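Visitor: Build the full structure now, drawing on both the sequences and the hints.
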Amino acid sequence: MLNEARADMVMSPHVALFPAVAIFVTVLAFNLLGDGLRDALDPKLKG
491 MLNEARADMV
501 MSPHVALFPA
511 VAIFVTVLAF
521 NLLGDGLRDA
531 LDPKLKG
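Numbering (our numbering), first residue to last: 491 to 537.
These are computed hints drawn from the structure, not numbers from a lab. Note that the coordinates shown come from a computational prediction; the quantities given were computed from them, not determined experimentally. Cβ atoms here follow ideal geometry from the backbone N, Cα and C, with glycine treated the same way. Incorrect hints may appear among the rest.
What the hints assert, rightly or not - Computed spacing ranges between beta-carbons, pair by pair:
id	residue 1	residue 2	range
1	Leu527	Glu494	41 to 49 angstroms
2	Glu494	Pro533	50 to 58 angstroms
3	Asp532	Asp498	44 to 52 angstroms
Guide: Next comes the structure, spelled out in structure tokens:
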């Protein structure tokens, strides 16, 4: 099964690009959300 997927990736690498970009954007969004929440809720940063 992995060998078949590898062959498909060689023929059309753009198929893996869209899920990779989606994962990247999701992780980036969660990181930015966490930074924003920390900045808003951490009393040590306000003083």
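Visitor: Hint by hint, note whether the structure agrees.
Guide: For each hint, the structure was consulted:
1. Leu527 to Glu494: 41 to 49 angstroms: Hint holds: Cβ distance 43 angstroms, inside 41 to 49 angstroms.
2. Glu494 to Pro533: 50 to 58 angstroms: holds, 55 angstroms
3. Asp532 to Asp498: 44 to 52 angstroms: holds, 46 angstroms
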